[in-house]
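Okay, here's what each chain looks like letter by letter:
There are 2 protein chains.
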Amino acid sequence: MEKRALILFAHGARADSWKAPFERLRDLTQRRMPEVRVTLAFLELMEPRLQPQVTSLVATGVTDITVVPVFLGQGAHVLRDLPLMVDELRVIHPKVAIRVAGAVGEDPGVLKAMTDYCIAALNS
Amino acid sequence: MEKRALILFAHGARADSWKAPFERLRDLTQRRMPEVRVTLAFLELMEPRLQPQVTSLVATGVTDITVVPVFLGQGAHVLRDLPLMVDELRVIHPKVAIRVAGAVGEDPGVLKAMTDYCIAALNS
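Sequences listed follow chains A and B, in order.
For the first sequence, the positions run 131 to 254 when the working numbering is used.
For the second sequence, the positions run 131 to 254 when the working numbering is used.
Honestly, the hints are just simulated from the structure, not real lab data.
Do not rely on the hints blindly, as some may be mistaken.
The list treats identical chains as interchangeable, and a pair is accepted whether it falls inside one copy or across any two copies.
[Claimed, not checked] Derived lysine to any residue pairs resembling SDA-like cross-links, with alpha carbons at most 20 Å apart:
id : residue 1 : residue 2
1  : Lys242    : Arg167
2  : Lys242    : Arg210
3  : Lys133    : Gly191
4  : Lys149    : Pro238
5  : Lys133    : Ser254
6  : Lys242    : Thr190
7  : Lys225    : Ala250
8  : Lys225    : His141
9  : Lys242    : His207
10 : Lys149    : Asn253
11 : Lys133    : Ala150
12 : Lys225    : Pro164
13 : Lys242    : Glu174
14 : Lys242    : Gly232
15 : Lys242    : Thr169
16 : Lys242    : Met163
Since the model is a prediction, treat every value here as computed from it, not as a measurement.
The shape of chain A in the complex, shown without the other chains:
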């Protein structure tokens, strides 16, 4: 049976505090999908990076990976850097299916929740 993993791919930052909402997102997602391995991976400044994370998942038998860019905007990191990294990963791991979703900020549900938050912030 295929073994699936979900990688939440985020930018990374110098301040350790930056990571907190991404860790909460990972934990919330993991709780709702206990059968899928849910992990974080970072573009820069934080560990683990995407390539070692994929290698480590594949070593545990994962054969199907979905990467969700946890970015609000789709700029060069999402449109150029990530596809290049995934192309390389597909060459390294030819038997592993790797899919890349759109950035979370493009999702209408996420935009709706951010809108609600902005309105609440103004009136609080």
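Dock chain B against chain A, hints included.
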């Protein structure tokens, strides 16, 4: 009567495509609060920057400004750069009330929507 504005403060990026979800967030929020002026402002790489945006709002009679950091994680930009910029703005515009909300990524509703999106991405 006080005239209110909401500034959605985002990082900015080189690629113009990056801006799209922030513009949608601005438009969605504006539609639900037609009585409040809703604008974007960027930390770097994109215009308008925060200080000229505040100056321009104040020039139109705005006296109450809420800044919402449209960032997922709270790193140095949100915890250090933004407070410094706002302190400076309060000195420049002593009669204007300027409040800063928490980053959108810290909101439980936004985290819930991102979790839903990640789960949908895996199963699509």
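Quick rundown of the hints versus the structure:
{"no.": "1", "hint": "Lys242 - Arg167", "verdict": "between (28 Å within a copy, 19 Å between copies)"}
{"no.": "2", "hint": "Lys242 - Arg210", "verdict": "neither (27 Å within a copy, 28 Å between copies)"}
{"no.": "3", "hint": "Lys133 - Gly191", "verdict": "within (7 Å within a copy, 59 Å between copies)"}
{"no.": "4", "hint": "Lys149 - Pro238", "verdict": "between (24 Å within a copy, 15 Å between copies)"}
{"no.": "5", "hint": "Lys133 - Ser254", "verdict": "between (45 Å within a copy, 16 Å between copies)"}
{"no.": "6", "hint": "Lys242 - Thr190", "verdict": "neither (37 Å within a copy, 29 Å between copies)"}
{"no.": "7", "hint": "Lys225 - Ala250", "verdict": "neither (47 Å within a copy, 24 Å between copies)"}
{"no.": "8", "hint": "Lys225 - His141", "verdict": "neither (27 Å within a copy, 38 Å between copies)"}
{"no.": "9", "hint": "Lys242 - His207", "verdict": "neither (24 Å within a copy, 24 Å between copies)"}
{"no.": "10", "hint": "Lys149 - Asn253", "verdict": "neither (28 Å within a copy, 25 Å between copies)"}
{"no.": "11", "hint": "Lys133 - Ala150", "verdict": "neither (27 Å within a copy, 35 Å between copies)"}
{"no.": "12", "hint": "Lys225 - Pro164", "verdict": "neither (24 Å within a copy, 53 Å between copies)"}
{"no.": "13", "hint": "Lys242 - Glu174", "verdict": "neither (29 Å within a copy, 25 Å between copies)"}
{"no.": "14", "hint": "Lys242 - Gly232", "verdict": "both (16 Å within a copy, 17 Å between copies)"}
{"no.": "15", "hint": "Lys242 - Thr169", "verdict": "between (25 Å within a copy, 17 Å between copies)"}
{"no.": "16", "hint": "Lys242 - Met163", "verdict": "between (23 Å within a copy, 14 Å between copies)"}
This entry does not satisfy hints 2, 6, 7, 8, 9, 10, 11, 12, 13, going by the numbered hints stated previously.
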